[in-house]
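Starting from the known structure of chain A, fit chains B, C, D and E with the ligands onto it as the hints suggest.
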Amino acid sequence: MKYIHSIKRIFISGTLFIALWQIICWTTDFNPSLLPGPVRVWYALIQMFGEGNILNDIQDSMYRFAIGYLLAALSAIILGLTLGWFKEIFAYINPIVQLLRPISPIAWMPFIVLLFGIGDVPAIVIIFISAFFPILLSTISAVGNVDKMYLKVADNFDIKQPYVLTKIIFPATFPQIANGLHIALGSSWIFLVAGEMVGSQTGLGYLIIDARNNLRTDILLATIIIIGVIGLFLDTLISQFEKQIYTRWGYEREGKK
Amino acid sequence: MKYIHSIKRIFISGTLFIALWQIICWTTDFNPSLLPGPVRVWYALIQMFGEGNILNDIQDSMYRFAIGYLLAALSAIILGLTLGWFKEIFAYINPIVQLLRPISPIAWMPFIVLLFGIGDVPAIVIIFISAFFPILLSTISAVGNVDKMYLKVADNFDIKQPYVLTKIIFPATFPQIANGLHIALGSSWIFLVAGEMVGSQTGLGYLIIDARNNLRTDILLATIIIIGVIGLFLDTLISQFEKQIYTRWGYEREGKK
Amino acid sequence: MYIDIQGLTKKFKRGEQTLMVLDNISLTINQGEFICLLGPSGCGKTTLLNILAGFENASEGSVLIDGEVVSTPTSRYVTIFQNYGLLPWRNVRHNVELGLEGKKISKSKRKEIAEKYICLVGLDKFANSNPAQLSGGMQQRVAIARALAVSPDIIFMDEPFGALDAMTRMKMQDEILEIKRSQNKTIIFVTHDIDEAVYLADRIIVFSPNPGRIKEIIQVQLKFPRDRNGYDFIRIRDKVFSLFDIH
Amino acid sequence: MYIDIQGLTKKFKRGEQTLMVLDNISLTINQGEFICLLGPSGCGKTTLLNILAGFENASEGSVLIDGEVVSTPTSRYVTIFQNYGLLPWRNVRHNVELGLEGKKISKSKRKEIAEKYICLVGLDKFANSNPAQLSGGMQQRVAIARALAVSPDIIFMDEPFGALDAMTRMKMQDEILEIKRSQNKTIIFVTHDIDEAVYLADRIIVFSPNPGRIKEIIQVQLKFPRDRNGYDFIRIRDKVFSLFDIH
Amino acid sequence: ANNIVISQGTDVPTQEVKNTSEKKTIKIAYLPITHALPVFREKELFEKESSNIEIELIKYGSWPELLDALNTNRVDGASVLIELAMKSKEEGNDIKAVALGHHDGNVIIVSNDISSPEDLKGKKFAIPHRQSSHNILLNEMLNQAGISLRELEIVELAPPEMPSALASGQIAGYCVAEPFGAKAVDLGVGKVLYDSTDLWRDSICCALVMTDKFLNENSDTVNQFIASYKEAGNQLNNEEAEKISKEYLGQEKDVLDISLKWISYNDLDITEETYSALIDKVKKYGLSDNPPSFEEFVYKP
Ligand SMILES: Nc1ncnc2c1ncn2[C@@H]1O[C@H](COP(=O)(O)OP(=O)(O)OP(=O)(O)O)[C@@H](O)[C@H]1O
Ligand SMILES: Nc1ncnc2c1ncn2[C@@H]1O[C@H](COP(=O)(O)OP(=O)(O)OP(=O)(O)O)[C@@H](O)[C@H]1O
Ligand SMILES: [Mg+2]
Ligand SMILES: [Mg+2]
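Residue numbers (my numbering), protein chains in the order written: chain A, 1 to 257; chain B, 1 to 257; chain C, 1 to 247; chain D, 1 to 247; chain E, 1 to 301.
Looking at chain A on its own, in the form it has when it is part of the complex:
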């Protein structure tokens, strides 16, 4: 029942959106090759899926994204737990982190090419960069916020390092880390496009660039929609994961979505 209801909503929502889009096209009266309407984009989508190359592009993007994101998650969580525990060390590293964080991955491009070459690696590096900081910072702050009671319990039951870290700190911080993973997923997916601008010859980001250069706004919009749908799908997945963690850990349910 609930399922049907939500499909109904998505359907109505989609219809409204397409109608609005069509109206914008009609009222602005730009040449359809500059601002394509829904029909044109629909045909582009059909063509892209018909030729089948798009599946390869999706696969390549997902591959790069998965590697970059998972590497970032792994290293940021480990580093975050460590730095969160050794607060004095972090106090010295923090200014650098804060300085580097607000810089667009695009700005690093020349150095990324210099150090990592072209092809898959720079895309992975950019996804890594954009996922790394949110996860690192949320892990560090999570360690700082660990309920002191858990540490007392650990002390009381003679639990020593490294078990305090693996048995207590890591699971205790996990919900907040999961939240960091969620945020990082969103922001690094956004940078997929930027990442695949550098010498990639495949992938959704490459398609965006290529469509722009080929002045094919219909393919451009079709690719945008594909990126949006996959992003939405990934977000739903990780929300689900996060919700399970929250329930398991006994956090109160968040306000209804």
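Think of the hints as simulated: they come from the structure by calculation, not from any bench.
On a predicted model such as this, the values are computed, not experimentally measured, just so you know.
Heads up, some of the hints might be wrong.
A few chain A positions that, by computed beta-carbon distances, are all more than 10 Å from chain E [unchecked claim]:
| no. | residue |
| --- | --- |
| 1 | Phe17 |
| 2 | Ala19 |
| 3 | Ile23 |
| 4 | Phe30 |
| 5 | Ser75 |
| 6 | Val97 |
| 7 | Met109 |
| 8 | Pro110 |
| 9 | Ser141 |
| 10 | Asn214 |
| 11 | Gln244 |
Here are some chain A residues pointing at chain E (derived, C-beta under 7 Å) [what the hints assert, rightly or not]:
| no. | residue |
| --- | --- |
| 12 | Leu34 |
| 13 | Val113 |
| 14 | Leu114 |
| 15 | Met149 |
| 16 | Lys152 |
| 17 | Met197 |
| 18 | Val198 |
| 19 | Gly199 |
| 20 | Ile209 |
| 21 | Leu215 |
For every residue, glycine included, the Cβ atom is placed at its ideal position computed from N, Cα and C.
Positioned in the frame of chain A, the structure of chains B, C, D and E with the ligands alone reads:
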């Protein structure tokens, strides 16, 4: 005392960072025009500030950023409060929002040019887009999470709309909105560079593009540092603001920074 | 009869199931009475209070207050919550003024009223403090001042002292009795502390759970101030204990 | 003398100021005693417990347990907290096994011990449940089972029933007395509920605040199970009430 | 039976490895514009002749990204704006130009309401890059019409954005690599004000630039590679160019057809004469104060 201590830490941290950078330059032995060392970048910084143009660029960027960010904050908060209150309407809009959110502002470029032209406006639009969604979503979720007790109190004391919204909902959600504003500040500052790629002839983002076009990696790195420092400064400002809100609202202090 | 509850039943939908929380409650309450609703967790005390205060509707039965059917909340009957329900972004004075803002009262008059009740609960020195700067007991006093400021006929209290430590709690009990005496309000007070009920109530309504039913109504005809260790007090206490199978 | 506290003083730095929280506490406790620390909020009960359990150091004075100076926490003395201190990511069984994991005990033996104590607190059916699925009283039982599992000599309890409603609380009081009887542990129990202290304690240590001092030590020489409304119980209760100026 | 399977399994791969190991792969970066057609043609030539040289094409989205790869030796060569390559050389990167990309082929596009350079005064005009022949062509036009650069507003814009900007009235004209100019003509939002031949006889624009590293390490294949490149250029008559561009470029057919009328690919040698003419213009219009000399920058076998 605390102040001196933190300056000392920033100083040590900075020194370490520069040393590391210099070591990378020496060991990798790249052409300094590809990977400039600290000294070269220092000279570039001096030159940029000496000629004084950089101050205009900073001013232009800040102006665009302020407009885009403040417009996004205003419209996202108002829309968020409304949609958060009328949940049924939001249920229909949500799929579209979720679909558009994971798309890089870069991908929209051709349409932004078509609809908003070049110069200041596209930069403002891109900053607007990247700030809008985090604020909107955090406001909506904040309204959903408002302690039901506040609504009961409002009902009990015969407070009617629109006062429930202005006197109760808005202030009750403000800490969470402030958190959304904080996150949005970070992410939209990152997109300043992308925003100033389209036809801007001034600004820090333009400087990045220009330095890349002119193959001046020293200016590029110097600009990166300036962007980082300003981003750090803005982040500190809004953290301060957020902390005050939290104390005022009686939230528990977050774990030490 | 001031408050007249007849055949009140409340059911909640929980997924597929229907949960009966209150089953056929009938009860009348006189003006100026201090009523305690006493029962274990989950027996529907809060639900009953919510229905009386107009926050929720009954599934069956009727509630009349002063001859009128209760439909929506009004400031004639004010509820005080366990977590105080203060607005943290307002200082004490502005919290107390909250209920007056909807009424046609001049600003200066509003301030005057607020100050009067802030004094009554002994917080004159804290009028400009924020709730977060006050202890639990002081916050609850602010909530009481805020409630009194709108001159309600009835005050509903849902475990108002549940978050306070035992000693502060006893002090607040004395204060609420003093307020009751001087302001002559009707008070419906939810608690699961037996001593508290015996110390405060004119009548104790004892509930049994699953579904919530009135098990017994105990008249407490002791003079105020009551002696918590006096013979009559202990006798009534003992009676309530035995109702809950505790010795 | 099993626990020997001599001239214990504790000061906290607060910015520029020094706050004296415990002032020259001297107290001896025998093995197998049930001691209640009773006093208003902020009088230093938790601080004293933390020092006894080795979580904090004394500023002056000494604490000897079984002849040894207390320096760090050990599983020979286990503390039970008001918020239970369960690990929400572990189910009941694994929570109870926590203290056994550091010891050289085989997996099957560990499971056996855990099950024994889970049965003791009557949660056999919930061994695989997560803490979040249990009520407050059940969670506190898990914490007790976890503490007993490491066979401690002393159990420190810091307002363990403070978060429970009054009726559950009384049931838990009976349970902890039963456990005390069958396991013969020394228990130091912090509370600010006077009835609770009189119902449980062999001796009640009454504190006065600012700075925390021992105001009086009350021997409760009543047989178990005690009658909460019996004459002797009320007499002792009355005595404690008058110490706190309550009637 | 096992034996047979194993021998089959090992035979096939070794043959393949042998074939590929003899081949020399050259990585060439390009942007999807008509100026890069000779590289595509050469790639096909090598494939048809099954030569021992193989070209790997790497497509880029913008000049800065392409140059990042070239400067860091991540590609062996690139078809790139010659002025931009000169700038890179000037900044200390080790690269050399080996041949031209084409002759002429650039146009000045203006919106339909503009009929002379005077009409551009006070309006915005877009070029893709300061270091480009398009900038020089703009300067030539203004120079010939006696207009100062300061009388209009020059903006640097990414080529794909230019037709949109012209269509929405944001700019009054632009000059850029092809087929981005032809797009405006095809859309009907703009027209050709000048052909590059009107402003600069025998103008040059893009060049094939190789890294010094590659040139030094492959002296044996380099000459063969350059010779084939020039040969490929000579083969690019109208018909051939159309075929190749349709295969390698994603733009619409009509747009490409318009564009190819303006360009030629014959004789892609960089002569000292054309280069010094370029240097004069680079200096005259302030693109650079000390561009690299012919000897420094142009590769001579
Ligand atoms: N909105 C609701 N929807 C479904 N069930 C509800 C709702 N509100 C309360 N209940 C259920 O009704 C029962 C009675 O709840 P209520 O809060 O009235 O109990 P209570 O006597 O106030 O308990 P406590 O002493 O713990 O506050 C509980 O089982 C509760 O789960
Ligand atoms: N780490 C600390 N630093 C500074 N002051 C502290 C610290 N821990 C406790 N205090 C102060 O010491 C005093 C006693 O605290 P403690 O927690 O021991 O009281 P308590 O008797 O347990 O009170 P409660 O009944 O509220 O739990 C309080 O004023 C408290 O603010
Ligand atoms: Mg309740
Ligand atoms: Mg305490």
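Right, here's what the structure says about each hint:
Annotated as non-interface, A/Phe17 keeps its C-beta farther than 10 Å from every C-beta of chain E; the closest such distance is 22 Å. No Cβ of chain E comes within 10 Å of the Cβ of A/Ala19; the nearest lies about 23 Å off, and the non-interface call holds. A/Ile23, annotated as away from the interface, keeps every beta carbon of chain E farther than 10 Å; the closest lies near 18 Å. Its beta-carbon lying about 6 Å from the closest one in chain E, A/Phe30 breaks the requirement of being farther than 10 Å from that chain.
Separation of A/Ser75 from chain E is adequate, the least Cβ-Cβ distance of about 25 Å exceeding the 10 Å criterion. With 10 Å as the threshold on Cβ separation, the claim that A/Val97 sits away from chain E holds: the shortest Cβ distance comes to roughly 26 Å. With a least CB separation of 6 Å from chain E, A/Met109 falls inside the 10 Å interface cut-off, contrary to its annotation. Consistency note on A/Pro110: stated as away from chain E, yet its beta-carbon is not over 10 Å from all of that chain's, at 5 Å minimum.
No beta-carbon of chain E is positioned within 10 Å of the beta-carbon of A/Ser141; the least distance is around 35 Å. Consistency note on A/Asn214: stated as away from chain E, yet its beta-carbon is not over 10 Å from all of that chain's, at 3 Å minimum. The Cβ of A/Gln244 sits about 40 Å from the closest Cβ of chain E, beyond the 10 Å cut-off, so the non-interface label holds. Against a cut-off of 7 Å between C-beta atoms, the interface hint on A/Leu34 holds, since the closest Cβ of chain E lies about 5 Å away.
For A/Val113, the interface hint holds, the least distance from its beta-carbon to any beta-carbon of chain E being 4 Å, beneath 7 Å. Taking 7 Å as the C-beta contact cut-off toward chain E, the hint placing A/Leu114 at the interface holds, the least distance being around 5 Å. The beta carbon of A/Met149 is not positioned within 7 Å of any beta carbon in chain E (closest approach about 52 Å), and the interface hint is therefore violated. Proximity of A/Lys152 to chain E is violated relative to the hint, the smallest CB-CB distance being about 54 Å (cut-off 7 Å).
For A/Met197, the shortest C-beta to C-beta distance to chain E is roughly 5 Å, which falls under 7 Å, so the interface hint holds. Among the interface hints, the one on A/Val198 holds; its C-beta lies about 6 Å from the nearest C-beta in chain E, closer than the 7 Å criterion. Proximity of A/Gly199 to chain E holds as hinted, the smallest CB-CB distance being about 6 Å (cut-off 7 Å). The beta carbon of A/Ile209 is positioned within 7 Å of a beta carbon in chain E (closest approach about 4 Å), and the interface hint is therefore held.
Interface hint status for A/Leu215: upheld, as the beta-carbon distance to the closest one in chain E is roughly 5 Å, under 7 Å.
Comparing the model with each numbered hint stated earlier shows that hints 4, 7, 8, 10, 15 and 16 do not hold.
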